[in-house]
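Starting from the known structure of chain Y, arrange chain C on it as the hints suggest.
There are 2 protein chains.
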Amino acid sequence: MAKPVRISLDGMGGDHGPSVVVGGAALAHERRPDTQFIIFGDQAIIAPLLAQHKALAANTKLVHTGVAVRMDDKPSQALRKGRRTSSMWLAIEAVKRGEADVVVSAGNTGALMAMAKVCLNTMAQIDRPALAALWPTVRGESVVLDLGASIGADAQHLVDLSIMGAAMARIVLGIENPTVGLLNVGVEEIKGIEEVKAAGRILREVKLPNLTYHGFVEGDDLGAGTTDVVVTEGFTGNIALKTAEGTARQIAQYLREAMGASLMSKIGYLFARRAFDALKAKMDPRTVNGGVFLGLDGVVIKSHGSTDALGYCGAIEIGYDVVKQELLGRIRDMISLSQDVRMQDSRAGALEAAAPAAEEKPD
Amino acid sequence: MAKPVRISLDGMGGDHGPSVVVGGAALAHERRPDTQFIIFGDQAIIAPLLAQHKALAANTKLVHTGVAVRMDDKPSQALRKGRRTSSMWLAIEAVKRGEADVVVSAGNTGALMAMAKVCLNTMAQIDRPALAALWPTVRGESVVLDLGASIGADAQHLVDLSIMGAAMARIVLGIENPTVGLLNVGVEEIKGIEEVKAAGRILREVKLPNLTYHGFVEGDDLGAGTTDVVVTEGFTGNIALKTAEGTARQIAQYLREAMGASLMSKIGYLFARRAFDALKAKMDPRTVNGGVFLGLDGVVIKSHGSTDALGYCGAIEIGYDVVKQELLGRIRDMISLSQDVRMQDSRAGALEAAAPAAEEKPD
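Going down the list, the protein sequences come from chains Y and C.
First residue of the first sequence: 1, per my numbering; consecutive thereafter.
First residue of the second sequence: 1001, per my numbering; consecutive thereafter.
Chain Y with its partners taken away, still in its complex shape (with noise of 0.2 Å):
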């Protein structure tokens, strides 16, 4: 029999609390069997929730404690009051002892951040992780990141977040050499920030192991699928995120008012039902629910801290997989392949060649 893959809940995380972490995780139990899980939280609420769900809690070790971080907290607060203390920590606490392979949280991002990276460290030669997400596309899927970790990227963290993208690539969406897009503007004046532009030039110079640079992409190569993986710092990406999120529900909404107008349309919405249920499987942004922290020594992934226990379970699914795929693992390989690379290239002075060529600068 496989060895089980033992995932640590943050059982007080997100908007709605351990109802939707523990209905999440019975789902995802029942789902994948092969699960064992230890939750991290208030033992008088959680307790209950659990004997709902016989199957998960003859496979779950609760541990109790009463401290846990708010969604409005600062990460230094959170840091400060439930440093060792908090569901949030314990539960990243266990990836660390080795006593999980894995750790889900719905809390808040920033503290969520911070706590996994005191803990946990970034991997060697990353200097700050970034939160990685499967995007839909109508091609399939695409990696894309950061999504929110850190705000700002200089033009060798683009280049970190490209091969950390790809590796995820790699293994999660099974492709040997991904492709890589940066994220930039369709502007022809400026074509971007310094920045995305000196990441481009390494990018093509640099030729690193299974990454194919494909250049620049827009927004609108999100949803298309034109690269398996997107990069940009966090603070577009996690607009670039909701706004594709809110422009799914509101069309959603649309949709539901047009087929809601008339006789004519409601039966022809009882014919088209199982299309539309297709639809709205491909259009639920709780299926996609779950970003994963890359650049960290342990695998954290992020759950949606307003989904219910559908996302929730969609969030301990991702989880599951990149453990057994061994992602982790994977991606130290690459970097470390590609540090590699990256120094002998760096001697050659091909980085010094990342400063603005003279033709390109603005007039």
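Source of the hints: derived by calculation from the structure; they are not laboratory data.
One should not assume that every hint holds.
Here are the simulated distance ranges between beta carbons [stated by the list, open to error]: (1) 1138/C x 154/Y: 35 to 41 Å; (2) 1336/C x 141/Y: 48 to 54 Å; (3) 264/Y x 1263/C: 16 to 22 Å; (4) 64/Y x 1267/C: 54 to 60 Å; (5) 333/Y x 1216/C: 39 to 45 Å; (6) 154/Y x 1084/C: 38 to 44 Å; (7) 326/Y x 1080/C: 54 to 60 Å.
These figures come from a predicted structure and were not determined experimentally.
Cβ coordinates follow ideal geometry from the N, Cα and C atoms, glycine included.
Same frame as chain Y, now just chain C:
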């Protein structure tokens, strides 16, 4: 009889050139018969196209020029080769000379912006113009800016954008005191970049006329229509816009696939056809085609480069409405009014208070 609206067109701009421009103008003239056009461009190409549209031809002056700005010209190149001679420049100049009330171009954004700025200048007290557009929301429409006219923005520019956007919303959406939101990220750690935080403090502290500062909004507030105006700098704004357009196209494709998947869904489609048509119209990015450059001494409308005649007509209609409702004069009044308030406030030291407060410094 009301004064006709005189519209100047860059006949050579856009991916598809004159055929879309003339086709769009013909459609616009059919819908709004009180329009007159000046079209600048290659007579040998445009004259035969015009001949196919008698009503339009009777109300159009065609001015020949052999010089056209290319879609891939850099702004500096466009200015070097096209200043005073290209169809784009001449179309803008027609507004400056008072021969037209508004100019529409589907040409490249950077070149159009550069030429408009050189030819028309920016409004007094505004440093840089911005590209604004009406964003369809579940509540109606919101004004969103800057969609890519410039990259990066300091706090004062974000405040200027707020004022211009509110003025546009007041006129175009008919809202006396539009709500204004600053686009930001949901990461609790940092709550966005310093400039956005500083702009938020200014807008909160300085009470501007005809503008209700709402606070920060996120990407999904765009489609939700949380505020009447959403303000961001051009890099992020451009990526948000294109991401939303891409998502709409993506879902439209899902919908087509779902409806064609089975006989039942095809029958359903027949019954619900009218509802689908209404939905399609709402999702059609061409119907909201047409950005408005704000902050210039003249009205410049940017149509998407890749649009068709219907989309180009939409851009012309926005220009028509903006002229009819005297947007420019009203923005001037509002800017000047708010400038008084801002200067009083600046003397009182309120702007200095925009520096990060000690307790908000990252620790």
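Hint compliance check: list the failing hint numbers for this structure, sorted ascending.
Going through the list in order, the structure violates no hint and respects every one.
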